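Peer 1: Construct the complete structure from the given sequences, taking the supplied hints into account.
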Amino acid sequence: MTAANGVAKPEPETKVKVRDLTVFYGQKKAVGPVTMDIVGQHVTALIGPSGCGKSTFLRSLNRMNELIPGCRVEGDVRLDGDPIYGQGIDPVAVRRRIGMVFQRSNPFPKSILENVAYGLRIGGVSDSREISARVERALSQAALWEEVKDRLNDSALGLSGGQQQRLCIARALAVEPEVLLMDEPASALDPIATAHIEELINELSENYTVVIVTHNMQQAARVADYTAFFYLGELVEFDRTDVLFTKPSDSRTEDYITGRFG
Amino acid sequence: MTEEAASASAVPRPVAATERSAALARANARRTRRNMVADTAMAVASGAALLLVLAILAVILVDILRNGTSRLSWAFLTEAPREGMTAGGIFPAIVGMVEMVILMTLAGVPVGVATAVYLHEYASSVSPITRAIRIAVANLAGVPSIVFGLFGLGFFVQFLGAGIDKLFFGGEKIYGQPALIWAALTMAVLTLPVVIVATEEALRAVPRELREASLALGATKLQTVMHVVVPQAAPGILTGTILAVSRGAGEVAPILFTGAAYFLPLLPKHLWSQFMSPSYHVYVLSTQSPDVDATKPILYATVLVLLLLTFALNIAAVVVRARMRRRLPGGVG
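For the protein sequence lines, the chains are Z and U, in the order given. Residue numbers are given in the working numbering: position 245 of the first sequence equals residue 245, and the series is strictly consecutive. Residue numbers are given in the working numbering: position 253 of the second sequence equals residue 253, and the series is strictly consecutive.
Quick caveat, the hints were computed from the structure, so don't treat them as lab data. In this text the structure is predicted, and so the values were computed from the model without any measurement. Keep in mind that the hints are not guaranteed to be accurate.
If you want a taste of the chain U side facing chain Z, the calculated C-beta under 7 Å gives, among others [to be verified]:
1. ASN35
2. ALA213
3. GLY218
4. ALA219
5. THR220
6. MET226
C-beta: ideal position from N, C-alpha, C; glycine also.
Peer 2: Here's what the structure looks like:
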């Protein structure tokens with residue numbers, strides 16, 4: 001199979017195995033049961049109308065849902081075979097392997113350098129040479145290094161919206177996660193900044209497994225190798241992006257991608 | 001709708017309709033007049049209330065400024081009282097207050113901040129224990145300060161202090177009497193609610209997105225609180241601290257039995273020394289002066305100094321908050 005950027009890749013392997021994952025808020029079921037194999041070093045997009053549970057599903061992949069009071073998860077998620085929801089599994093360790101970028105860029109009110117170094121420092125990296133090397137690498141991967149290399153000590157809040165979001169991506173990459181979850185990372189950005197982010201996602205899929213939530217179907221078609229369509233808290237269809245968009249097997253998917261609702 | 005507008009738009013209408021709309025317009029006009037009267041009355045009443053408050057403040061300030069400025073001088077600030085407090089200055093009182101306030105801050109603010117962090121970050125907001133703690137904090141704020149003074153005497157001086165003396169000094173009275181440290185601790189307890197409430201308010205204003213960003217990077221809850229939440233809340237915490245300090249500087253009752261001295265020519269040397277304080281000095285001068293006419297200017301000048309110090313602290317709180325807010329956009333201290 002070929003990736004969206006046209007480079008042939010080794011045979012895809014399942015990175016995240018989801019089995020009957022169901023998320024409840026209180027008594028109410030938000031999404032599921034979802035069963036899905038997320039392929040390593042490729043981009044998987046989650047699409048669907050607002051409130052369909054795609055963000056909830058995404059956040060349950062690195063246990064960020066637990067921060068919401070009353071949230072309960074059933075089912076099984078495995079990262080390279082390691083259970084994420086197993087007994088005695090520390091969510092902190094899970095989040096170090098599965099990073100996340102949010103809808104609204106949320107840089108810390110610290111310098112650019114300290115934003116990217118944050119995850120390293122709290123992870124126990126204290127050697128300043130190692131930190132600056134890894135900060136540079138992360139910023140380069142996020143295509144931000146050239147723009148900020150002369151002002152690493154300036155406040156991150158002085159950056160533009162698109163730069164801030166790339167900074168948040170760099171910050172997530174600095175701790176070298178295996179999977180990167182992105183929750184509508186470009187929805188608050190202008191078209192040029194969005195194009196930057198999309199290009200970046202394509203490059204990132206060389207080394208990372210990317211799962212991206214988007215309500216923009218063109219974006220899913222542009223960046224994703226695989227696409228999952230969620231509707232009313234249910235995974236309706238999951239397939240290679242070209243198949244899902246050209247020959248959907250479920251009529252609801254077809255209705256959605258042809259713009260009949262949503 | 002005004003009458004002109006109603007008739008202008010109602011040219012082809014039948015007569016009855018025009019009359020109806022005219023009656024409607026008259027009713028509207030009556031209602032508008034009634035509203036205007038109510039509005040004016042309300043404005044006058046609240047304006048008068050405001051004037052009353054300002055007038056009281058002005059009377060106090062004018063009286064103090066007129067009688068206090070003549071006695072105020074560099075010497076007044078740097079000399080000890082002399083001749084039965086009818087001459088000299090209030091230097092030991094200023095130093096005593098500063099020392100007491102510093103000790104109070106060191107003792108009270110960490111406890112207050114820790115309490116607020118526990119309440120807001122760790123405790124379940126629905127648990128009865130959390131609610132009980134919150135009610136306790138609110139009640140603590142409402143306890144009269146003289147009760148804190150008596151509590152300080154009973155708990156710190158007679159229980160803790162005398163206990164330390166019995167354990168370590170063979171019953172010799174060292175800690176078991178009113179002292180700087182006990183007054184500072186009593187004042188710390190008194191100002192705890194100020195710090196707790198201000199800190200909790202500041203923690204509440206930290207955006208959820210920042211906590212999530214930190215947790216998503218694999219930070220533990222403790223790391224998130226220490227490296228992201230508390231720094232972001234720092235302006236609010238600092239404001240609470242300064243307000244607590246300015247409250248503590250002006251209180252008399254809590255230090256009355258726990259450490260303030262009537263007259264000390266020397267500065268406090270130890271934590272267990274007694275100390276002078278401007279607020280207590282005012283109380284002493286106005287109730288126990290041997291020569292009322294001679295002490296009156298000193299009394300006014302002391303009050304003036306106390307007021308200026310408190311104002312300065314309050315202004316400092318405002319300035320610090322404004323500056324830190326500018327440095328941290330996105331977070332409201």
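Peer 1: Evaluate each hint against the coordinates.
Peer 2: Status of the hints after comparison with the structure:
no.: 1; hint: ASN35; verdict: violated (43 Å)
no.: 2; hint: ALA213; verdict: holds (5 Å)
no.: 3; hint: GLY218; verdict: holds (4 Å)
no.: 4; hint: ALA219; verdict: holds (5 Å)
no.: 5; hint: THR220; verdict: holds (5 Å)
no.: 6; hint: MET226; verdict: violated (9 Å)
Of the numbered hints listed earlier, those contradicted by the structure are 1 and 6.
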